[in-house]
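Put the two chains together into one complex, using the hints given.
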Amino acid sequence: ILNVEQSPQSLHVQEGDSTNFTCSFPSSNFYALHWYRWETAKSPEALFVMTLNGDEKKKGRISATLNTKEGYSYLYIKGSQPEDSATYLCAPGNYGQNFVFGPGTRLSVLP
Amino acid sequence: GAVVSQHPSRVICKSGTSVKIECRSLDFQATTMFWYRQFPKQSLMLMATSNEGSKATYEQGVEKDKFLINHASLTLSTLTVTSAHPEDSSFYICSARSGGFDTQYFGPGTRLTVL
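From first to last, the protein sequence lines are chains X and H.
Each residue of the first sequence is one higher than the last, beginning at 7 in the working numbering.
Each residue of the second sequence is one higher than the last, beginning at 3 in the working numbering.
The shape of chain H in the complex, shown without the other chains (with noise of 0.2 Å):
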């Protein structure tokens, strides 16, 4: 159980356009998603807290207009590149909150590359 999917699992685009990814708890409903981001040898930084109907909590230095998070349903969170620069290509992952102490369970990641 507590299988969390995300796709795609790697994009490239051009400069300027827009890269929607998606995370889904296939197995349980999660009222919290998470989305990181992974810069090369480096840790997990949150981006930000994602709330089922309701806007998400972006953390210090994380551009809320660059970077749209939408969670329309328990099982599904989408985080939208907006006008994508090459400065944002990196490892983006999504995790989904269920069960007590706050445990996570990670979708297997999206590698973007912005050309």
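So here's chain X without its partners, still in its complex pose (with noise of 0.2 Å):
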């Protein structure tokens, strides 16, 4: 089962102060890495799937990198809002492999 680790575990920006957090994950056999956000009492969402080393996925206000070779991924959100509030998940895979969650990111943008 892969090692995932996310850091921070938990951050509080001020209103358009731009954020990023990071995955690790062992970088050997890598397959595909996805980022989800998680509102409070709604379901996962699913923001981006990156697939190759050196991969930037953009999505309004987010961002994010991969490097597979050194095994982690930036997620980078540009002048934070409120509704921004939500825990960041991402989930690396290998080949023929269940994706396995990190413990998540907690983000909470403070208006």
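Because the hints were derived from the structure by calculation, they are not lab data.
Treat each hint with caution, since some may be false.
[As the list claims (entries may be wrong)] Here are a few chain H residues that face chain X, going by a calculated C-beta distance under 10 Å:
#1 Y38
#2 K43
#3 L76
#4 Q106
All C-beta atoms in this analysis are idealised placements derived from N, C-alpha and C, irrespective of residue type, glycine included.
Below, the structure is given as structure tokens:
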């Protein structure tokens, strides 16, 4: 089973601040990595799926990068808004295996 | 699109009873569904992978006789917690796989409390 780490565990930022957090995973036999956003009382929502080393994906103010050689992915949020408050989960997976969810980074954006 | 429903959202039961949780993909067919359990302040722990028309694949340490999974159709999987005990109290959430690179679409989860 993959050992997936996310840092920081939680984060409080002011509205308008930009922020980023990290997902770390073993780099061998990498297949793909998903990022999900999980707002309180809602279903986790798929943000990105990333597969290639150097991948960069963007969705509005949120973007993500992937480094499969060193085993990490960054998620960036530009100009954080209160509606960005959620837990952000990464889930890397190896070939032939199920995706493993990290513990998440809980983001609180203060107005 | 890609909506998954889960019922009930919350259930309280007495120790020794069985509880069934349903997971439905509303607008797509899901050959594979997943059942997760989340302990307080921890991540989603995969319990089992449910494949339509075949037996579920359970993760190590998950009792298959305790957590019965049925995936009888392409849109419905059920998890039955048999003879529930207080230690089974947890948040259970399902997902259905669709699309490239196995994107999972999640239900809203079920909070189980066993008294």
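If any of the earlier hints don't hold here, list their numbers in rising order. 3
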